[in-house]
Structure formats: C-alpha cells, structure tokens
Amino acid sequence: MKKNISYKSVLAVFLLMYIGSIIFLNNIIADKVFSESENRRLEQAPKFSTSQVVDGRYTTNYEKYITDQFPMRDFWIGVKSSAEKLIGKKENNGVYLGKNDFLLERFQKPEENKFLGKIKEVNDFAKSISNGDIYFILIPGSTEILKENLPAFAPNDSQLEIIEETKELLSHKINFVSIYENLFSHRKNYIYYRTDHHWTTEGAYL
Numbered sequence: 002m003k004k005n006i007s008y009k010s011v012l013a014v015f016l017l018m019y020i021g022s023i024i025f026l027n028n029i030i031a032d033k034v035f036s037e038s039e040n041r042r043l044e045q046a047p048k049f050s051t052s053q054v055v056d057g058r059y060t061t062n063y064e065k066y067i068t069d070q071f072p073m074r075d076f077w078i079g080v081k082s083s084a085e086k087l088i089g090k091k092e093n094n095g096v097y098l099g100k101n102d103f104l105l106e107r108f109q110k111p112e113e114n115k116f117l118g119k120i121k122e123v124n125d126f127a128k129s130i131s132n133g134d135i136y137f138i139l140i141p142g143s144t145e146i147l148k149e150n151l152p153a154f155a156p157n158d159s160q161l162e163i164i165e166e167t168k169e170l171l172s173h174k175i176n177f178v179s180i181y182e183n184l185f186s187h188r189k190n191y192i193y194y195r196t197d198h199h200w201t202t203e204g205a206y207l
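If you're matching positions, the sequence shown starts at 2 in the working numbering and goes up one per residue.
Mixed in with the good hints there might be a few duds.
[As the list claims (entries may be wrong)] In the DSBU-like style, the derived pairs of lysine-lysine whose C-alpha atoms are separated by at most 35 Å in a straight line are:
1. 90 / 115
2. 86 / 128
3. 86 / 189
Hints in this document: simulated from the structure, not taken from any laboratory.
Given the structure is predicted, the values throughout are model-derived calculations rather than measurements.
Start from the sequences and build out the full structure, keeping to the hints where you can.
Following this line, the structure appears as structure tokens:
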C-alpha cells in the first residue's frame with residue numbers, strides 16, 4: 002500500500018513539474034505570429050472580457066492559443082510525422098505522405114449546391130460589369146499536378162474535372178484562363194513546395 006502511495010506521489014510531482022515547466026516556458030518565450038512550416042498565422046493570446054468568459058469564447062480561443070504557441074511545437078510536430086512515416090502511415094489529417102517526401106493534401110469535390118452557388122455568384126458579378134474584360138482562373142494544386150507522388154490507392158478526387166466543369170458553366174462574358182497543361186508539362190521541375198500545396202516562385206512564373 003505504501004509503495005503504491007509513494008508511486009502515485011512521485012507521478013503527481015512529475016506531472017505538476019511538467020505542467021509548471023510548460024506554463025513557465027509559455028511565459029518566457031515570445032509568441033510566434035506565423036508558422037512557416039504550416040504557412041498560416043498562429044493564434045495570439047485572446048483579450049479577457051467578462052462577456053467572452055460567460056459565453057465560452059474566451060476558453061475556446063485560449064485553448065487554440067495554447068495549442069498554437071506550445072513550446073517547441075514545430076519540433077514535436079516533426080517528431081510525430083517522422084514516427085508515423087516510420088510505421089508506414091500514409092495519411093495524417095487529410096494530408097498524404099507521398100513519394101519523394103511530398104506532403105499532398107487530399108482533394109474532395111465540393112458539395113454540388115455550394116459549387117453551383119459559387120458559379121452563380123461569379124456569373125452574377127460578370128453580368129453586373131458592363132465594360133471591361135473579365136478573366137477567371139482556377140489553379141490546380143500539387144495533389145493534381147503531382148499525382149504520381151500520391152500513395153498507391155489513395156482516395157483523391159480530380160481537380161481537373163472540377164476545372165473543366167467550371168469552364169463549361171461560366172458565362173460567355175468570362176475569359177477562362179487554363180494553366181493546367183502548362184503546369185503539368187513542367188511537373189518534373191520544382192514548381193510546388195514539398196510540404197505545402199502552394200506553388201514555388203518558378204511555378205508562379207510559369
């Protein structure tokens with residue numbers, strides 16, 4: 002019984018030390034504004050207000066802030082990704098661990114009603130313009146252009162089909178600019194980042 006109590010006490014002390022160290026590091030390390038590895042802005046400390054505490058927004062926003070500003074966050078994300086790669090996992094939160102170290106975001110077709118709604122908005126906008134040329138472009142992501150790097154049998158919808166369908170549904174007043182063929186013909190070049198669906202400077206130049 003004494004050994005069991007002693008074990009629990011030691012465990013509790015270590016847990017408190019761990020939590021304390023996280024709080025301490027969060028207080029001395031400056032918050033990051035932008036994550037280059039994720040290409041997005043990180044959550045900042047929410048401003049305290051009684052109304053936000055009452056309706057729960059403060060707690061929700063603070064949890065997001067702690068998650069984004071966790072000490073050595075990029076390091077632990079890297080460790081997690083490396084471990085999953087070692088055990089053969091091919092997908093993580095909708096992102097495929099592809100060949101040649103590419104991270105490729107799974108593409109799913111938009112819901113039909115939402116898709117048609119967006120097309121209508123674009124056509125209505127074109128209709129409201131009496132003078133001037135209107136150009137429209139849909140940029141295919143790395144998952145479409147570099148699909149040979151996808152894991153075998155990985156579920157992934159065709160972006161090209163959406164591009165072609167959009168072209169057919171747009172008003173004749175709109176000049177549709179197709180860049181798929183140009184990007185696909187240069188797919189052997191470094192036109193997309195390995196860890197991001199955005200194109201590189203070379204890809205944008207094409």
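Numbers of unmet hints, in rising order: Result: hint 2 breaks, nothing else.
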